[in-house]
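One letter stands for each residue in the lines below.
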Amino acid sequence: MTAVGEVKRRRIDELAARAGQVPEGEGGVSLTKSAVRRLRRDPVAITGAVIVVVFLVVAAFAPLLAPRDPLAQTLLSEIRPGFIPGSREGFPLGVDNLGRDTLSRLVYGSRQSLLIGVVSTVLGAAVGMALGVLAGAFGGWVDTVVMRFVDILLSIPGLLMAISISVLLGQNQYALMIAIAVTQVPVFARLLRGSMLAQRGSDYALAARALGVRRGRIVFGHVLPNSLSPVIVQATLSLATAIIEAAALSFLGLGDPDLARPEWGAMLSTAQDYLSIRPELAVYPALCIIVVALGFTLLGESLREALDPKFRR
Amino acid sequence: MTMEVLPADGPARGDLPVLEVDDLTVTFSRRGEQPTRAVDGVGFSVAAGETVGLVGESGCGKSVTSLAIMGLLPERGVRVGGSVRFGGQELVGASDRTLRSLRGADMAMVFQDPLSSLNPTVSIGTQVTEVLVEHRDMSRKQAAAEATDLLDRVGIPDPARRLKEYPHQLSGGMRQRALIAMALACSPRLLIADEPTTALDVTIQAQILELLRELVVDTGTALVMITHDLGVVAGLCDRVHVMYAGRIIESADRHDLFARPRQPYTGGLLASVPRLDGARGVPLHPIRGSARDAIPWAEGCAFAPRCDNAQDDCLTEVAGSTVPLEYDGPGRELRCRHPLTYPSTPAGATASGAAR
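Protein sequence lines correspond, in order, to chains A and B.
Sequential numbering of the first sequence, starting at 40, is according to our numbering.
Sequential numbering of the second sequence, starting at 31, is according to our numbering.
It should be emphasised that the hints constitute simulated quantities derived from the structure, not laboratory data.
You may find that some hints are simply not true.
Said to hold, decoys possible - Derived list of chain B stretches under chain A, where covered just means 3 residues or more per stretch with a C-beta under 8 Å from a C-beta of chain A:
1. 144-156
2. 342-351
Stated by the list, open to error - In silico DSSO-like links for lysine-lysine, alpha-carbon gap of 30 Å or less:
3. B:K194 with A:K72
4. B:K171 with A:K72
5. B:K171 with B:K194
Stated by the list, open to error - Quick list of simulated restraints, FRET-style, between CB atoms:
6. B:Q119 with A:V181: 56 to 62 Å
7. A:V272 with B:S59: 51 to 57 Å
8. B:S88 with A:V272: 35 to 41 Å
9. B:L306 with A:R76: 47 to 53 Å
10. A:I85 with B:D188: 52 to 58 Å
11. B:G123 with A:P269: 35 to 41 Å
12. A:V272 with B:G123: 53 to 59 Å
13. B:Y357 with A:P269: 54 to 60 Å
14. A:R80 with B:E120: 54 to 60 Å
15. A:Q210 with B:F58: 55 to 61 Å
16. A:V181 with B:G111: 26 to 32 Å
17. B:G62 with A:I202: 54 to 60 Å
All values derive from a computational prediction rather than experimental measurement.
Virtual Cβ for every residue (Gly too), placed ideally from N, Cα, C.
Construct the entire structure; sequences and hints are all you get.
If you want it as structure tokens, here you go:
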């Protein structure tokens, strides 16, 4: 009896002591702080961040990292129709059909590819989200007008649209970015509008209205933050597609006309002609595109989870 | 908890009711479909400090009535008729601006599901303070202090910490307390509670009802309690309106209603409450059928298909007129041609024990 009583008493004391404590990591922490903390603990986020950072560093320090001048033609004596020399001392990834060092071109290409991907996605997302907020916030005829406009954009195949725009704007790298951004606008607009419409009918939006909160505050303070997570995911996916679309445009001869700027997409499309001779030449830039896309996707996905308070584990 | 807070207008604020609803109708229409009349000539009034219950099954029009009063129904496809007067001011057809300045400040509402009524991505503090900023012209800092005070008043421990938390970090009871705090932030003259305890477990239900009694009823705020739970009615309401298929079918004071329900539907509701003190194995007494069996009021008493007392003259085509809501003794109104009757001594009335 006494032994049991002793055990019980100790257990109760223990529980009482624990009840007084605040569980570590929970309670009264700001959203950003806890998001950063969760990102740091998430191996997926770290992997994504490492990939993205590595490529950013490569792009920033390209002149220091590249072993050769990306435009210098070498080994010209060995290049013949039907033969391109492979990797060797001094040229770890070999040279392309014009004798330019592949590794150096990949390193320099990261600049242009990342720039096109990021700028066109940011541009496309910004315009798309603005349209989406407009439609989702006002509804009614504003929604109808905006969405029909978006439908028109959507009804034109993305590549065709990009081609028309880059023809219209002339051949330069900004035209390329704008062309790709325009193809991304309708997706972001539709996504955000749909997600906002769903949130607008939610109980908390009704509850906020019942408390007399004004419409702008409900839209921007309540509905919008809850509608953003699909948009964040879409943005990370779009980054990858933007790089690939830039490649497609380069392939059609509508890419960046400045040959001094190597770019993965252009490299990929050039290498296509020599697939039977040197398939590696296509594999390297493709791999770069895939890994960068993967990095952004992983980062975006874990960012979305970290920003969503419901996902706390 | 001491209740010197909430400087409400007190129960004796003239005889003018806070809320007068008169012949309120709500019709939902959709292109190509028959319009549906969800609320059909509902009328009642609530005085300061009074608690009025609207009782009925799912789909009888309770919630639509409350949304219509608050002006929260969507504009498209909905027609609201009749009159809703709040402190003498007509709300049906009032401008958005008028309604918005009243909502939250003078009239507030607490919803059924405390989790979905709170924004999951915004901290509790922001959600409480935005009401104060909106209606009471406070600075963010003042509002934060006031919010701490409010949460404390509704019995949330450690309010300063809770303000920084998100809805999912609070328990169900605490969420509902937070919502009540938001609703009471500006000391409204009218609070509409739409099934505020349905999503909570029984012990929490009792706490929330107690809280409503302390903070609302005792401070002279008019309370409209929408519920299907007769226990809630018994515990809180002064006057009860039983609704069926969009109309009020019986109105009475709480004691009268529980002691001697007159409408067979009310009687059925009371008899269907499970009893702990009954013998084991005694079957429950449900009301036959479901709310979908209702017939349109134009064809007769909507409850007739499910009613044990129903006779031929419950149908309009036989009686020649629809069943009216009529005087039925002091303080009572009834819409029934064949109500339940009781022997002259009410002591042994059949359903009186159902009042928990």
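Checked hints:
1. Closer than 8 Å: that is the beta-carbon criterion, and the region 144-156 of chain B has 9 residues meeting it against chain A, so the requirement of 3 holds.
2. Closer than 8 Å: that is the beta-carbon criterion, and the region 342-351 of chain B has 0 residues meeting it against chain A, so the requirement of 3 is violated.
3. Proposed proximity of K194 of chain B and K72 of chain A is supported: the alpha carbons are some 12 Å apart, at most 30 Å.
4. Proximity of K171 of chain B to K72 of chain A is assessed by CA-CA distance (about 22 Å); at most 30 Å being required, the pair is judged to hold.
5. Between the alpha carbons of K171 of chain B and K194 of chain B the distance comes to roughly 14 Å, so the proposed pair stays at or under 30 Å and holds.
6. Evaluation of the 56 to 62 Å hint for Q119 of chain B and V181 of chain A yields a failure: the beta carbon distance comes to about 31 Å.
7. Distance hint check: the CB atoms of V272 of chain A and S59 of chain B are about 39 Å apart, inconsistent with the given range 51 to 57 Å.
8. Take S88 of chain B and V272 of chain A: their Cβ atoms lie about 37 Å apart, and the range 35 to 41 Å holds.
9. A hinted range of 47 to 53 Å for the beta carbons of L306 of chain B and R76 of chain A is consistent with their spacing of about 50 Å.
10. Checked against the hint of 52 to 58 Å, the pair I85 of chain A and D188 of chain B fails, with Cβ atoms roughly 34 Å apart.
11. At about 39 Å, the CB distance of G123 of chain B to P269 of chain A agrees with the hint of 35 to 41 Å.
12. Checked against the hint of 53 to 59 Å, the C-beta distance between V272 of chain A and G123 of chain B comes to roughly 44 Å, which is inconsistent with it.
13. For the pair Y357 of chain B and P269 of chain A, the beta carbons lie near 58 Å from each other, so the given range of 54 to 60 Å is met.
14. Between R80 of chain A and E120 of chain B the C-beta distance comes to about 58 Å, which sits within the given range of 54 to 60 Å.
15. The hinted window of 55 to 61 Å between Q210 of chain A and F58 of chain B holds, with their beta carbons roughly 57 Å apart.
16. In this structure, V181 of chain A and G111 of chain B meet the distance hint of 26 to 32 Å, their C-beta atoms being roughly 29 Å apart.
17. In this structure the hint that G62 of chain B and I202 of chain A lie 54 to 60 Å apart at CB is violated, the actual value being about 44 Å.
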